[in-house]
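Please build the complex by placing chain B on the supplied structure of chain A, with the hints as guidance.
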Amino acid sequence: MDNQYAVLNPWAEVDPLPQHGIAPRPIDMKDKKIGLFHNDKVGAAPILSIIEAKLKEKFPTLTFSRYLRTPNISMAEMPDWLAFVEWVKGLDAVVFAIGD
Amino acid sequence: MYDAVSAEELKKPVVVLVNQSFLTDARSAASSKGWPGIRIVPETVPPECTIAERREAGISAAMNDIIAALTRPLTGEEQSPVPAKVEKLPRIVFQGSLEEVNRFYYRRGWTDGLPIIPPTEEAVREMLTGTDLPADHVVAKIIPRMGKATVEKIAVNAVMAGALPTYLPVLIAGVQAVMDPKANFGTTEVSTASWVPFWIINGPIRKDLHVNMTDGVLSPGDIANAAIGRAMGLIIKNIGGARKAIEDMGIFGNPGKYTMVAAENEEASLWEPLHVEHGFQREDSTVTVSFPTAFTLAGAFTSDANGLMRGITSAITNCAGGGITIMVQPQHARTLAEGGWTKQEIKDYVYNYARIPAYRSSGYWRNWVPGRERPALNPEDPMPTVRSSDSVRIIVTGGSGLLFMVLLPSGNRWVTKKVALPANWSSLVDKYKDIVPAHVRY
Chain A
1 MDNQYAVLNP
11 WAEVDPLPQH
21 GIAPRPIDMK
31 DKKIGLFHND
41 KVGAAPILSI
51 IEAKLKEKFP
61 TLTFSRYLRT
71 PNISMAEMPD
81 WLAFVEWVKG
91 LDAVVFAIGD
Chain B
1 MYDAVSAEEL
11 KKPVVVLVNQ
21 SFLTDARSAA
31 SSKGWPGIRI
41 VPETVPPECT
51 IAERREAGIS
61 AAMNDIIAAL
71 TRPLTGEEQS
81 PVPAKVEKLP
91 RIVFQGSLEE
101 VNRFYYRRGW
111 TDGLPIIPPT
121 EEAVREMLTG
131 TDLPADHVVA
141 KIIPRMGKAT
151 VEKIAVNAVM
161 AGALPTYLPV
171 LIAGVQAVMD
181 PKANFGTTEV
191 STASWVPFWI
201 INGPIRKDLH
211 VNMTDGVLSP
221 GDIANAAIGR
231 AMGLIIKNIG
241 GARKAIEDMG
251 IFGNPGKYTM
261 VAAENEEASL
271 WEPLHVEHGF
281 QREDSTVTVS
291 FPTAFTLAGA
301 FTSDANGLMR
311 GITSAITNCA
321 GGGITIMVQP
331 QHARTLAEGG
341 WTKQEIKDYV
351 YNYARIPAYR
361 SSGYWRNWVP
371 GRERPALNPE
381 DPMPTVRSSD
391 SVRIIVTGGS
401 GLLFMVLLPS
411 GNRWVTKKVA
421 LPANWSSLVD
431 KYKDIVPAHV
441 RY
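Top line first, the protein sequences correspond to chains A and B. Read left to right, the first sequence gives residues 1 to 100 (this note's numbering). Read left to right, the second sequence gives residues 1 to 442 (this note's numbering).
Chain B on its own, in the form it takes in the complex:
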């Protein structure tokens, strides 16, 4: 849709075809750019349809509308659209009991479905102790709505998510990360593929915040892992305006959108950690965002280095987006490193050997698309599943276990930002350092 806006900006009449399921999304995208009148023709061709009869039927049914959109004179509203009325909400938006607050926020579409912590003045003030930035500082404007991510708005959503003030610097860096053009967040946050922002924390802050990097790293139960991802989800929704089934058109959605946060176990790794690989100093604290859709488990064929590598490559059979993050548990990481495998050698190996027969690759079957040629391969010839060696990342994290590693098809983008800490960081960490679970034996 943004390309259509670009053409209208060049003063050319535009008609956009969308499947009728995407009509609301397309209108929202046009309005978010100030072009509410762009002519959008809904049609009934199933998305990415390869069935000629259904394409023909769907377009035939829409043809009169397409011609009308190309030729019909403009209405007054299309020539001079009236600005949509923007609801002006007060800063204190509601007052009520815990239940009433939750009902109010839920009905406004401001939650993720789970109960929220009421963002009172007092709670937000405490959250703001996590940064030296002024409350009205705009960290970024978040797409698609271009909502202003002021420090206070980030803090409000952080409180709602149950975050501690010590997480605020990570959230601010997280906002900077998704709005880095390299993240292509305009697509990754709303794609039908339901990409998940996967947050990897590196550097000293991991321990300050007690971010899990060991057993069950991606499971519930750790407030930092839970609340950082959840807060970013609320920020994306309430500041960026990306709402499920309106702007976010994920076909199935993804449970990872509640939260998906891991720290790298740098101490257990003989390799350079991810943030150092991305050009930061080991003593820097950073957050990296990438956008996986799913994970799979790789069974090591044998527990030696060669068996681990064969297991990894055998499990990579469908790498949507062309990139992959390999989560290696510490024991396997040590085995590989001591076996002489560098991160780069693992990446090269994965690219060269994580291959599937051509007939199992969608790329092999797309020759019918105009302009595309079928690769000069026999059906049984190997085709790579990973775009390149540079499309692989390796982090050391997780618990113990002999056989398995977790792999995450991760789009092809990793954006790392340094976390800026406030001057009072040490005292702030001291204040919250005891907030850790103490499970009883039974």
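Next comes chain A alone, as it looks inside the complex:
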């Protein structure tokens, strides 16, 4: 008969994670300012250019603002974190393109 092994669980426990609801969407797109965020991967900025053009075509009063970050580092670790925060605060919504 095979030996029997009572074995321990290798999968880690996690602390309970507060669940957050996302922000309400704009009721309409009139005169809204849309942030376009990209991470400097080669596909990201051109994708946002297409989105900007198509949104502008459909919603002519939209305005846009762009933000670029260094690839592979999250904004929270970047020295310009406060600038990012100020940028986000000035927007009505943000589209993120990460190039992948």
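Hints in this document: simulated from the structure, not taken from any laboratory. Nothing false has been slipped in among the hints.
Subject to a maximum C-alpha distance of 30 Å in a straight line, what follows is the list of computed DSSO-like cross-link-like pairs (lysine-lysine): (1) B/Lys11 <-> A/Lys30; (2) A/Lys54 <-> B/Lys12; (3) B/Lys182 <-> B/Lys11; (4) B/Lys347 <-> A/Lys41; (5) B/Lys12 <-> B/Lys141; (6) B/Lys207 <-> B/Lys418; (7) B/Lys141 <-> A/Lys41; (8) B/Lys207 <-> B/Lys182; (9) A/Lys89 <-> B/Lys12; (10) B/Lys11 <-> A/Lys58; (11) B/Lys12 <-> A/Lys41; (12) A/Lys89 <-> A/Lys41; (13) B/Lys11 <-> A/Lys89; (14) B/Lys33 <-> A/Lys32; (15) B/Lys11 <-> A/Lys41.
A quick note: this is a predicted structure, and the numbers were derived from the prediction, not measured.
Structure of chain B alone, referenced to chain A:
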């Protein structure tokens, strides 16, 4: 994705575009931060696409979804997400034969595909003799899942990997290393580039553990080199929750993720060892993690110092990430040192001379990206392959051989942590010191 979470935390509506291949990964990243409802729009533009027609087609097809994600009122679930049910597993998670245990762990996705040693209570208790820390001590929470790396969980995964208790202090320091912000582990562990945690062991512990630092240093056959890297892989997977093709999106993956461990042959080097270069004392035991993707061999042009340096620089043609670790075998290290080359001079030389024609550098061709200018260079002008002199590390390791050195494109990060030894270290080392292979002649 974490930047999108940051924007939602600032109460701004967010839409994230991802290639459809990354949808599961993006959802996992959002959920791991407590934002399961972030609106993610999958699209079909190939990653990092430079073909205008395919970008246009992919985004056009997704445009209605993008507009809907920007404007559609929130559902109740999006406003108040219900916490996902977390499976509560018992500490003793299974009982069965060796084969049944292995099948159970494999089906749960807890292995690396190879058989594991059953982490029984007895085996884990023995593993825990490798530290003075209490079993419930949380060394770190490992991203992306933020799983609690208790000493016991580290020990369980270490047993599974076939590690000896004397390796446990290295594994604890390894967890501290990857969770040091300088490691940027949130990216390096899951990147499409398939970066490998490469563990370099320095200090007296190398010999205590019999970590290979000579012939075939990166080949299989040494339990320390094999089990330390393997254990860290299981820790990253089972504690951090980084699973292949779910969170770890490596395009090709990397065999180095099974294990990649080397010790520096400090005794054979006339230079200061890596950990001393990083601010530690020579008598400290340390582990350094960096994140290479691949290695290449450099043929020395001639065996004198100048020929060695020309060979090194000629081989560095594609240094992904901008940094590089040069593994120099002891004879070449002596030739270089006796020829007057310091580590710093080698670094400077590599930066200045490991260059390629501009037309062979991706940086030269990115001028079409908005905001980027093409460097003011002719196509044949040299461009550096290494980011700076400080993006080069040199370690002395490996066996004998006239012509070759191994180079490892290594991202641009090296994080070194001191290994804390338990009070009973000497007796522990004595207990396991005879576990070495004794090959027969044939």
